[in-house]
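J.: What follows is the residue order along each chain.
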Amino acid sequence: MQASYEVMRSKLKANQIGYSDNDGSQIARLIDARKQKERFVLFSLALLIPLTVLMAFSNGAVDIDLSRVFSYWASQLFDSLFDSLFDSSANPSSPSEWGGYSDTPENMTYAQQSLIFLELRMPRIAMTLITGAALALSGAVLQSLCRNPLADPGLIGVSSGAALFAALGMWGLSALPVHFSGFDAFLTTLPNWIMSAFIPILAGIGALFTLALLLTVASSRAGISVLMLILAGVAINAGAMTLLGFINFVADDATLRQITFWSMGSYAGVNQEIVLLSLSVVILGSIIIFRQQNALMLISMGEKHASYMGVSINRVKLLCLLAVAAMVAICVSFTGIVGFVGLVVPHICRMLIGSHLRVLLPASAMLGAILVTFADTLSRIVLVPQELPIGLITSAVGVPFFLYLILREKKRQQYV
Amino acid sequence: MQRFKCFSIKHWFLACTLSAFSVSAFTGLLTVSSSASANSFTNTGIVDTHLESTAAQASPTDNKYEVPKRIVSAGGSITEIIYALGAQGALVATDTSSSFPHSVSDLPKVGYYRQLSAEGILSFSPDTLLMLEGGGPDGVIQQLSRLGVEVIELEQPRSIDGLYTLIRTIGNQLERQPQAQALIDKIDSEISALSASPTNSQNTVKSLQTSIQPAFLMSVNERGIMAAGTQTTPNLIMQLLNIENPFDQFKGFKPISSEMLIGSNIDVLFLPSHQAQGRTQSQLCAMPALKQWAAKKGCNIQIVDSLKFLGLTPRIASAASSMREALKTPHLILGQSE
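Chains as they are written, first to last, in my numbering: chain G, 1 to 416; chain D, 1 to 338.
Next comes chain G alone, as it looks inside the complex (with noise of 0.2 Å):
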């Protein structure tokens, strides 16, 4: 079925596959340079993502010394262990003895700077990889699903469903009140966590409405068909924002600007709560994604033929769609739509790496997580101290490699 290249260059060589000598050799080397170009992209990217990271942590609007914060927690750390060791009457630790250590003004300084890193620097990061990995996978899964170039995670529609109810719950807060007199009391006697949990949890449960009613329409007795699927997206990305539209219309202005800034993206106010959750979605999703990673390389030879190699298509569709959808409901809920990356990364990895999924994917969440940290960090340095809406900066980041690129493709066909 699918030989690894090894077998087949050494079988190629061997000359006991039907090519002659000269053509064997010349198809042999061609896997291997492929390879190593995989190779080379692959590890490269593996490379990059420490050190955007790093860039990453050491830029903000705050002026955060690192080497000075870590040297701090080393100091905690080593504090705290003497104490564990020691009795504390002699504890031999004085402030002089460890370099100035002690609980003067300038510790107190690092303490603060730790805390801003720790609350707000370094969840905000870890989610702007989480979201970059999954947005970008989301949109090479369905590309290679829908067998179609330009889907994007938006396609299915649940990131339009997710923002329809998030604007549905907006103008309810606001306009419930003026309504029910007691609701302003009802509000007070819920726990502290649901009103701030409550938009998100509400984009939430409508992806999950979107995507039951996306799966209601496109399956049928037959399974589910791909066509209908994109279909089915489409419908309901027109009716979910003729929705917003008339939201807009009907809610007042304070209203209408916040659910304005909601669906612009932003990932201000990302706690660790918020990344501990994303990451265990993404992380699943992930995991069933590579699983069903050589089934829909199969399915993108052509439905049928991957029925009589043994792949149960629907399972496949079904699962993916699952995962996408979680996947994307996560992003959208808690930092609003982030364009641009689930429908271009995946092509620029094409264009570096090829259309195998085993190196795509992986290449698509790497690059993806890489492309959303650079342009945080660069709406957040820019016009400090305000911050830029991050759609803008993914664009303007990926707009001009993407241009390059397509250049460069057509350069070289050019010659065929």
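Calculated directly from the structure, the hints in this document are not laboratory data. Computed from a predicted structure; not experimentally measured. Just so you know, even glycine gets a beta-carbon here, dropped at the ideal spot from N, CA and C. Be aware that one or more of the hints could be misleading.
[As the list claims (entries may be wrong)] For each label pair, taking beta carbons as the anchor points, the in silico distance ranges come out as: (1) G:Ser307 - D:Phe13: 29 to 35 Å; (2) G:Phe180 - D:Gly162: 19 to 25 Å; (3) G:Phe183 - D:Gly148: 29 to 35 Å; (4) G:Lys304 - D:Lys251: 58 to 64 Å; (5) D:Lys251 - G:Pro400: 44 to 50 Å; (6) G:Asp184 - D:Ser264: 34 to 40 Å; (7) G:Leu81 - D:Asp127: 33 to 39 Å; (8) D:Asp127 - G:Leu213: 48 to 54 Å.
[What the hints assert, rightly or not] Under 8 Å between C-beta atoms, here's a sample of chain D residues computed to sit facing chain G: (9) Ala118; (10) Gly120; (11) Pro137.
Since chain G is already given, all that's left is putting chain D on it; use the hints.
T.: Below, chain D alone, put in the same frame as chain G:
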């Protein structure tokens, strides 16, 4: 079934651990180098800038009060009130909707009050964030209060009494209660001067009402026009002048059709300056949305200051009196009123 052996999980695991190891080794080296060399820690960080800037603000403001707080204000009306109370020495940053008085442009901006930046605000190490209701996003506000910034959400004033409450609250926060009361009294007297002015007796107001009808447009562009209905500041200004708002059928700012404009008896249109976008009255009247109205009634468009007319600020009485002045001589195009 044989699998493609290009990259296995093993390789990924190795790559990730290698990169994580290199990052931690790098930072560990930094740590060791910084602690091994017995440098005196240079006084960087938040406390230092705090001390520096409070020293700079020790010089008294014009009212000879020393406000030790560091305040970030998010909301144009709040900033204006702070300046009116003379406490601008305590301000370290504002938001982008604060545009009056003009010296506010010297202060750094932390973004729009609905989309604040947490790290941006924290880089000024403030004690307090004075915010209009609806400031956000929510997560940022929570982060700020968790990191020790006192976040005070002030209700958006919707009436003159609401404005007085806002002034009193801000005065209590800044410990400037006498100045707050003085400001309230000043606004009160200005408003009563509106109705007690000799040129604005009951008869004149009534005749104004019957002869000159103003309306406030929020925006004019190729798509059409948006008008100010009830529960808006322009409506409040018209109420102060005892003028009926021709668009009182709806709440807030809503798009209306040009036919409605032509069919009504509106004589003068008021437009905020940020929507005029540098166009002159004649250019505005040439727009398809206003062309027929201008042909029927004459091109009587008044371009007014945005913050003064759209936000409920201490200058509301001045806004009302400038509208009244404009209405006295409507057929004379006065240009930027102020």
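J.: Broken hints, numbered, in rising order?
T.: Structure breaks no hint.
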